[in-house]
Every structure is written in C-alpha cells, then in structure tokens.
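Colleague: These are the residues of each chain, in order.
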Amino acid sequence: MVGVNNVLEVKELSKHYPTPRGPLPILTDVSLVLHRGDSASIVGPSGSGKSTLLYILGALDPPTSGVVTLDGDNPFALAERELATFRNTRVGFVFQDHLLLPQCTVLENVLVPTLVTDTDPGATERARGLLEQVGLTERIDHRPAELSGGERQRVALARALIREPLLLLCDEPTGNLDQGSADAVSSLLFGLHKAQQTILVVVTHNELLADRCETRYRLNEQHLDTVRR
Amino acid sequence: MSLRSLIRSDVTHFWQTNLAVVAGVGVAVAVLAGALLVGASVRGSLRALAVERLGAVDMVVTSLNFVPEERADALIAAAPDRLSFGDALPLIAVEGFVTHQSSGRRASAVQVYGVDERFWQFHGVESSDLSLERNGVFVSPGLARELEAAADDALLVRVAMPSAVPISSLHGRKDDLGRTLRLTVQRVLVPEEQGEFSFRPQQGLARSVFVSLTRLQQEIEQEGRVNTFLLSEPSTAMVEGDQAERLAAAEDALREVATLDDIGLEVRDLPDRGVFSLEAAAGLVNDATADAVQSTAARLGLGVEPVMTYLANEIRHGDLVTPYSLVAGLDLELVTTRDPMTDADQEFIPVVLNQWAADDLAAAPGDDLELVYHLWEDEGRLVTRETTLRVIDVVPIEGAAADPALAPDYPGITEATDLVSWDPPFEFDLGLIRPKDEDYWDEYGTTPKVFLSLEAAQRLWASRWGALTSVRLRPEGDVVTEADRFRTELGVTIDPLAVGFVVYPARALALESSSGATDFGLYFIYFSFFLVVSALLLASLFFRLGVEQRLAQIGLLRATGYPPSAIWRLFTIEALVLATVGGLVGVAGAVGYAEFIMWGLRTWWVGAVGTTRLSLHVAPEWLLVGAGGGVAAAVGSITWTLRSLIPVPPRSLLAGVVPEVASPVTRAGISRATSISVACSLVGMMLVGVAAADLMSATAGFFGGGLLLLAAMLAGAWAWLHAASHRTTRDPWSVSQIGFRNATSRPGRSVLCIALIASATFIIVAVDAFHRAGGGDPLDPTSGTGGYTLLADTLLPIAHDLSTPAGRDALFLTDLYDPGEPLAGVNLSRFRVRPGEDASCLNLYQAKDPRILAPTDAFVAEARFSFASSLAETDAEVANPWLLLDRVFDDGAIPAIADATSLAYALHLKVGDDFLLNRDTDRPIRLRIVAALVDSIFQRELLIGETAFQRVFPDYDGYRFFLADAAPEQTGVVSAALEDRLADFGFDVVSASDRLASFHQVENTYLATFQTLGGLGLALGTLGLGAVLLRNVLERRRELALLRAVGYNAGHLSLMVVAENAFLLGAGLVAGTVCALVAIAPAWLERGGGLPILSLSVLLVSVVVVGFVASLAATLVAVRSPLLAALRTE
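Chains as they are written, first to last, in numbering that gives the first Met the number 0: chain A, 0 to 228; chain P, 0 to 1129.
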C-alpha cells in the first residue's frame, strides 16, 4: 500500500492518567520518526509505559499532549468513524494475549477485520495466503481452544496483516510463549514485515526479538531514549 | 464469514450466559402475555358462561302484569318478516324462597321458572326425562348442592302472589302475599338440560327451580297467563338488521300486540248509562293514564267524567252511624241541581246523600255529618281520619245516584254476597253491620250513599297511585262502537313499555357485560408488574455479565477498526435474537402461566371471582401483544446496559477493565446522584403528606410517594457505593469488612441487586399491610356495618311499619318485643328495594342494572356509616351526607349514594358522575353519585331517596331489606325469631359482619394474588442476587486463591461472601420495607394504625432466609475452587 509519505511521526508526546490524587505521568515528551520498512523495538522496565506508548501509536488511547501522525494523518484529529477506518486500514495489532475470538475458526478470526468494510474482494484469498505463510493451512477450520499458544499467536499475526496495514504494532508478541515458539513467531513476524514492508514497532522483554529490530528504544522514567539506530 | 455468521457464532458459543438471558426474557414475556391471556380468559369464560346459560334466548320480554300465553304467537306474527324471531316461549319467571323440607335448609333469591315441555323444545334439548309432573320440580345443580337436595326430596317453594293492587294502598293485601308449593324433586338438571338457565349474567352458581307451568299458574291464580316471553334468534338466513334494529322491531311488535288488559286497564261498556268506563286493575287510575285518557278522549270527541270512589268506615250524624259506605267523588251536577257551594275556604265538604242514607242518619240539607275513613300511609301505617260533611241535598236512589258501577272492583269486597263475607285487607268490625245494611247491599250493592265533588274527594283520598278510580267517557254515538274505537286509540296512546313491559336484549347485554366489571388482564399486569420487571432486570443482568466476559473481544473489534456503531449494532442484533428466542419460549410459557393463574382463580383465589367456571381461553392476539411488548422491553433494557460501554477506550476494553473502573464516576457524578436522591425524597414525602391531608387519593399518594422514595434510596445507594469505592481505612480490617467492601467494587451490579430485592419487598410489605381483617366493629355506627349486626332480605314486601305497635301486631311480632324477649330493644331499619344486579366486586359481570335501595327518613336521620367523599356543601350535609339524597338537581338527575369500593372497581365511577339506568330505552333514569361510603355493607347496590324511589319505581312497593342493631350476643336468637315469625315473607337474615367480610374476601384475595406474584418477583430477585454473588466470586477467583494461600480458611471466605450478601440483601429489605411503610402511612392510619406485625415479620424473615440460601452456591465456589489452578490462570 503506498501512502502519502509512509512515515510514522511522533512529536513531544506526553501521557498521564487522572487519579483521585492528581495526574499520574506515564510518558513525557516522547518523539520518534519511522519510515516504511523500518523496524523498532521498545524495551524498558515493567510499568515504564511501553504498552501505553504502543496503544497511543495504534490510536487506541489518546495522548494527553503531543502529536502522532501516520502517513500524514493525525488519527486523534479524526472523527470517530474515520478513526475506526484508520485503525482498520492503517494499523495491525498483535497483542500479548492474542485475543482470538473463541467462537470463531482460525480463518474467521483472520477475517474479522474485513467485516466492517463495504467490500474487500480477495480478503478470503489473502487470509488463506497469510495462514499458509504462518503454517496453519491445516488448522484453518479449527477453533482457538484447539491450538497451542504459538499457533494462536500466529493466527493473531495473520489477522493483524489481513488489511495490509502500514503500521504493525506488537505488544509482547512472544511474552507467553516458550523459546521455541517465540523464535518461530519472531521469524514469521519479521518475514511478514519484510514482505509487506510495514513499519514494525515491537514492545518486548525478549532480547533476541529486540535485537532483530533495526532501531532500539528504551523507555525510562517516562522518557524515550534511542539506544541503537 | 459475515457479520451474520459472527452473530450466530456469538450466540451459540456463549450459550450458557445466553440461555440465562433467554430464560429471563422468557419469564418476562410469559408473565406479560400470560396476564393478558388471563384477562382474555376471564372475559371468554364469562361470555361462554352467559351464552351457555342463555341457551337459545336472544331477547326477553317481561311484564309486571300477567298476560295471556297467546301473546307469544302474536308477537311473532306482529314482527316484520325480515326481522322475525325464531321462536317465542311463554313462561313464568319469579323470585322464590325454597326450603328443603326434611333438613330445614333454606335458600332465598331463587329463580322459579314455571315451564312446560316447550321450554326444552325452545332450547333444542331433546330428552324423554324432561317431563315435569304437576307436583314435581327440577332443580339446578347449584341449588341442589346448596340444599343438599336429591331426587325424591320434598321442597317447599314459596313465591309471591301477584296482585295488581299496590300493597301500599288501602285495598292492597299486606299479608298472605305468597303461595307455597310443596313439590318433589324429580331430578337435578345438568347444564346440557338448561339446568343453569339464566337470562341475566352471573358467574355464581345458578340457583333455580323449574316447576310445572300449569301448576304454578293455578297456585298464583293466573291460569293461562305468564309474565315472561323468551324470544330466540331468527335463522341466519332471515337476519338482516343489527341488534338495535331487532330490539326496536321487538318493541314495536309488543306495542302492536299488547292490549289494555295486559297493562292493567279495562274499558267497561255501560250502555244503559250511555257511557263506558275506564278502570284500572290496581284500583286507582294513575296520573299518566288519566292524562292519556284525557288526550285520547279529546281526539275522539268524547265527554269525560272522572270519578273517585272511596269506602268510608262510618258516616255519623250525632249518635247515628251508617257503617262501611261507599262515597263517590264526581261532578255533583250529575246527581243534584243544588249549588255545590265549593268554596275552598269552607271547613266542610258539601255532599249529596241518597235517600237511604238520609233516612238512616236522619239527616237533611244543612246538617253536618262526620265522615270517618282509613288511609294507608306509605310509611306502613293504617290511620283513621275524620272530616266534616255538610248535606246540601238528598236525592232518591235513581238515575246517576243509582249507579253501582261508580265503584271499582274492591278485592275482598265487591264479589262478596253479603257484608259479613267482606274480607278487606284492613280491620273490619263486623259488629257494626246491621240487617238493614245487608238489605242495602242486597238491593243496591256498591251503589254509593254519599256524593261529593271530585276535587274534594281527591283532596281527601288521592295518593301516589292515582287520584281517580275510573274515568267515564260519554260518546255521542253508540257506546259499544265508540268504546271499541277508544280501546284501539288508547292502546296507541299508552306505550306498554312505559307501564310495566320491558324488552330486554339479553344476549347482547350478556355479551357486553362479559367484558367484565374488573379488567383482569390489567389487574394481573399490575400484579405481575414486579415479576416482569424482575425478569427483565435479570435478563439485562445476565446479558451484561455476558458482555463483561467479552470485554477484551469488544476491545479487539474496536482495535481492528469496528466503529462504536458497528459494536452497538452487533450486540443489539444479538440482543434481538436472544429476546426473540426468549419471546417464543415466553409465548409457550404464557399459556402455562395463564393456566396456572386460572387454576389459582378456581382454587386458592376463588374468593375473588366466586365461580369455578373460569377456564383458559388462548387468544393469539393477546399472546402477540404480550410477546411484542416483552421482547421490546427486553431489547430496550438489554441494550440500555450497553450504553456505558461505548465511551470506554479500546485500551481499557482490551485489558478487560469494566466501564465502572475504566471510567470511574467523578465526585461531580456522585454529587449529582445525591441531589437526585434528595430531590426524590422530598417529592416523595410531599406526595405522602398531600395524601395524608386528603388532598389527593391515598392510592396515588402511595404509589407515587413510595416509588419516589424507593428511587431516592436507590440513587442514594448508588452514590454511596461509588463514594465508598474511593474510601480507604486506617483501622484494622475485619474479614466481614472485606465482604462489604466487595459490594462497593461493582456499584452498578450492587445497586441492581438492591433494586431487585427492594422493589419486591416494597410490594409484599405494602400489600400485606392493606389486608383487611374481619368485618369491622359491629357496634360502631361509623363502621362499615353502621352499628348494625344483622341484615335481612325478604322475598315478599313488608308494608307494615315494624316500629309501631300496629305494625308489629299485624305481623304477630308484638310478644317478641316484650321485655326479655328476643326483639326487645332491637331497632329495625327498612329499605325499599328494586331488584337488580350485584354492583359489588363479587360480580364479575358489569352491572348495567344494579339493585336500588331506598332508606327511610328515620334511617337517614341517624347519620350512620362513614363517607369517603361527597358533594356536601352545607354544614348539615357535611355532618350527615345522607341528606344529599334529598338534593334537587336542575337537570332532573336523582341523587344516589354508593360504596366507594364498588364505585372505583365495579362501576368505574366517582362522586359527581352519573349512572344511567334503562340506558337503551327512551326512558333513561339518571342517577348522580352524591356521596361514597367507606367500606360498607352496601357494596351491592345504589341508594336513592325514598321519595325519588317511589316516583321512578312505583311498582316496587313495600320494604324488602332490613338492618337490625341487635346486641352481638343476641344475634342468633334475633335471627331465629325473625325468620320464624316472618317465614311467610321469606325473611332471610345474615350477619352484617359476615356480609362485609365477604366483600373483604375479594379485596384480600386480590391482595394475596398480588403478594404471591410479588413473591415470585422476589424469588427472581434473590436468584439474581445469587447469580451476581456467584459471578463476583468467579471473577475474584485469583484473589480468593491468594487469600487461601496466605492462610484464610473456608470459614473466612464464607464470611466474606455472606457479608457481601448480607449487605445487598439487607439494603434491599430495609429500602423496600421503609419506603413501603412510609408510603402507606396515610392508608393504614385511616384504618386505625394497626399493622399485621406477625405476618410482616414472617414475610421478611422468609426473604432473608431465601436470600441467604441463594448465596450458597457462591459460597461453595469460593470455598472449593482449586487453589493452584486459580493462581496460575491468566
């Protein structure tokens, strides 16, 4: 998908949560720029706000201040309906807990994001293709309860890419997996990222996964520091 | 994959939670549609019962006088072909009193039908066993059960002896008014044999006997005559007009066939006198008939000579006395040429004596005579009056002065062969009769001895029955020919429907009445209201719980680009699917619920309906309405729970954080809720206060104030719970405090549980406090019994005044009033009665023609009973609203008093409203409700003033309803004495308290029904409470596992769950009970301030026990959940 500028840009982003005792700062003056094809990892101690930053990048949580633009659009300036379309078409999200719908099959889970568009011809073909790429062709009609943790995460990965998003966000994608499964998922993740040339942002504790990303950020005391570029 | 398949998979995958939602909706729809079915079933049952009891009857023609049976055929012949009747059946229908001879069991107000084989032919019943013997009787099943009568038992059936002469006139018989037939029960009829026949709708058992028409006619001396005609519907092919047209056609046919004889008039030809005379069987020609005669005579060019003849006891001239002589009032110019000297200022009445009288009294013109005569006063007294006569002329007994036809037929007198054979209905001193009097009688018969002016005669003897005994008409042509012409012309002038005939559209009125005085459908919706609300709240609760289970999924959908509207649509469709399935289940359940209610009405709650003949009628349209309403309400309440999800950020949804936590209520929100609570409290208390000050109805104050107070408490609970969720404590905690704190972690759920328990408790407590115990203080004159301990109805009217020695003497009661005897010191208040339908809640049919009572002035003056409201304006009326019965309205409306309960629930009227009697005729009687009695024994009838009663219901003579204020310990003796001595009148005594209690039974049964269904609502509420507790425990499995890991034992965990349950249950009970008691304060203070403490306590304890049982499941899960598995669970 070719956009306007294919850039993710974050400028002086801050986030705090209101509490009865006053605002609790999570992020302060976070800035970054990533281009299509870039991959970045965000590491930091637990509770440092990594997932918070990821959800803001995915337009799931608004910042308290600062600007986020993807492909020239600030999602938080959009109306609710446009924001939903933005999430649907521009962002793919892989959650730590995979969050598959237990009542749907593997194929149906991958197709979930396509149901809210008017027409998406070839969606089923793409879904089958993605499942083939993640090695789950044989499990296409199975339900999540019948899959292992690694298999579920692979389905979640396929789902995140069904709409060929520009931005692919992963929140601890291998956090609940054993090393073997984690490696497999990591390989698939980067393989698909390269194939679709997404902007990949990964929040992880896994050093191996973090090392595979071109850029490494560290969140420390509400600030985002660039460790390696 | 499509949205449809996603919805389908959602519905099926989460089937457990969805099943609970479906069940909740199913219950709500079942109850709502079921309540509507109950209404339809009651209406359908009443309609079926009325139609079954009517048989083939379409219309009924009744007459106050007995008319020849042949009128039946004449009616059919007179009706136009296109609106012909199928058949017309003559029969006798009268009220009777039946005694089972061997056991002495008695039944009053029994319908006695004099019939023959034509009766069953009319109804199309074929049976060879339906041939009534002369001495036989068929009995209805209800009466047979009441009397425990069987075949071959002997019954004494007493009926009124018809008499055209009013009993309140001098010549009206006041005793021996009935006839008793001793009959043998041939069989007890079954309904298929018209054993339940009745042409007036009633849901109670039909209490009737069928006797031989011929036998009955002979006993009451009405051979070949009947008082009722049943008209059947014509065949469908012949019917063209609607009911109103057919009724009009029947009335026109009646006008055509009714003769003067049928309406109690006779035209006697007197060709020798050159006149014909119109006379009435009643002895007096009433004013309306006299006017009709005058107008007809004028049209025909006839001379009119009105006559008023009277029987004088004595005519005295000094020591000379002529006894028992007829005195004629007429135009004195007919008998004398002397100047009548009719000066109104004169103190004497000028009279003309015939020669015989003059000789007997040695009187001559200019002499003064004393005339002594009896008068019967309406109050029930025979009085003797005297007046002075002055002889102006003495005439020979010839010409106009020798006319025995001037006297009407006097029963017991005219037909006598001699004076000593006279049998007048008043005291007659045979000792006064001399041989010369017998000679006069032999020679001259009823020839008057004295003549006075008509005006003078009318001044002395005119009554409400009339001022003439005959009207003579003098034609110019042939008397016989002119008399025939006059008969025809008068028959057109006088409408038989105005003088005793009624055409009653029995079938149409029965169908109309069967819509019921009480809308059971609506009542059961009220009764089931909280059950429906509880079910809907439960359905919403379970749906909400199901949605909360899927918060992360919702977050995922939002994260993948589903706009809020798509989420909303998804869950709304899911709610619609579940509600629709629940609706279908509910429709099936509605039939079951309605059948349960109908069964209850036939058994436990039969006191409210008085019949076991109610059955389920499944009406698809009501099922549809109920299902539609229930489904709509369910979708609404379910989707209402979703609205709080929309503003929650997707991030929070993904984390599974519920809206209450993700978007905590701010202090401003808590303040707002507190303000709402305060406002609702103030308005609620204001409503209660206004109701207490009698500025609005107690019912409105109760419901409005109570609900507002309840809403205030719930809003307050909501605010408190949200505020509590922010609190911390520095004090050492107890385990139970953890339980209480748990209740504040999910304020929405907790308030929902409190609301469920509180609303059901509110209803149960309030309803229980309204139960009426007993029949009121029997001696309190302001109570519902008015201080009377006994009340009685009679079959035959009693004309004598029982408060006078003469009246008691006439009825052989004198000895019972002696000191120490049963009636000593007992006052009897008496009422005139026009029979009609029961206007109380005991009658399920709408009373179109209620019973009318008229009290005497003596009763009115006592100012007994209490009034809920009235149109009183003066101080006297305020002190005694009974005086309103004498108010005069410009529009001619007649003031009426009724019981407030009957007005509200049976007649649907209030003070100031009008009730129209005879509304389908051109002679409606407008009654205006001027006062409403509080919970009285008069719930079956309306009461009007005695003067008005005598004017509009002149044919209902004498007194037939009595109230006695016997001492409570004497009621048995008094009842027995009265029933024994007045058995001939069918005197039937019951306890006034028992009568009042029977009315209370209806109200208490409705309240019991309300409570039962409220109890079911409470059961659902506790089920919901249990479900919430279980859900809370399941959600906190990891916390509970942690507590166990750090040393909490099963007892500690149980205490936590129980504490949370106790908090929610207690809050609900307290809120519901307090609000109910405060809100019903005006009503229960009015009843004396007493509360049924015991039953209320039992109820509340039961609720607590059930509530704790409901938490058992939650406690068991908390205690027995596997420790490690819970600790490891994500």
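Treat the hints with care, since some could be wrong.
Not the full set, but computed from the structure, chain P residues with beta-carbon under 10 Å of chain A [to be verified]:
| id | residue |
| --- | --- |
| 1 | Ser8 |
| 2 | Gln15 |
| 3 | Thr16 |
| 4 | Gly560 |
| 5 | Pro649 |
| 6 | Ala996 |
| 7 | Ser997 |
| 8 | Gln1000 |
| 9 | Asn1003 |
| 10 | Thr1004 |
Derived list of chain P stretches under chain A, where covered just means 3 residues or more per stretch with a C-beta under 8 Å from a C-beta of chain A [stated by the list, open to error]:
| id | region |
| --- | --- |
| 11 | 166–176 |
| 12 | 193–206 |
None of these hints come from the bench; they were simulated from the model. Because the structure is a prediction, the values reported are computed rather than measured. The beta carbon of each residue, even a glycine, is placed where N, CA and C say it ideally should be.
Colleague: Against each hint, give a clear statement of whether it holds in the structure.
Modeller: Each hint, compared with the structure:
1. Look at P/Ser8: its Cβ gets to within about 4 Å of chain A, closer than 10 Å, so that hint holds up.
2. For the restraint placing P/Gln15 at the interface with chain A, the shortest Cβ-Cβ distance is roughly 13 Å, beyond the 10 Å limit, so the hint is violated.
3. The criterion of a C-beta within 10 Å of any C-beta in chain A is not met by P/Thr16, whose closest approach is roughly 12 Å, and the hint is violated.
4. A cut of 10 Å between beta carbons decides the hint on P/Gly560: the least distance to chain A is about 2 Å, and the hint holds.
5. For P/Pro649, the interface hint holds, since its Cβ comes within 10 Å of a Cβ in chain A; the closest pair sits about 4 Å apart.
6. For the restraint placing P/Ala996 at the interface with chain A, the shortest Cβ-Cβ distance is roughly 62 Å, beyond the 10 Å limit, so the hint is violated.
7. The closest approach between the C-beta of P/Ser997 and any C-beta of chain A is roughly 61 Å, which is over the 10 Å cut-off, so the hint fails.
8. The beta carbon of P/Gln1000 comes no nearer than 56 Å to any beta carbon in chain A, farther than 10 Å, and the hint placing it at the interface is violated.
9. Because the beta carbon of P/Asn1003 sits about 53 Å from the nearest beta carbon in chain A, more than 10 Å, this interface hint is broken.
10. A cut of 10 Å between beta carbons decides the hint on P/Thr1004: the least distance to chain A is about 50 Å, and the hint is violated.
11. Beta-carbon proximity to chain A at under 8 Å applies to 0 residues in the region 166–176 of chain P; the threshold of 3 is not reached and the given coverage is violated.
12. Only when three residues or more bring their CB closer than 8 Å to a CB of chain A does the claim for the region 193–206 of chain P stand; here the count is 0, and the claim is violated.
Hint compliance for this structure: hints 2, 3, 6, 7, 8, 9, 10, 11, 12 are not met, and every other hint is.
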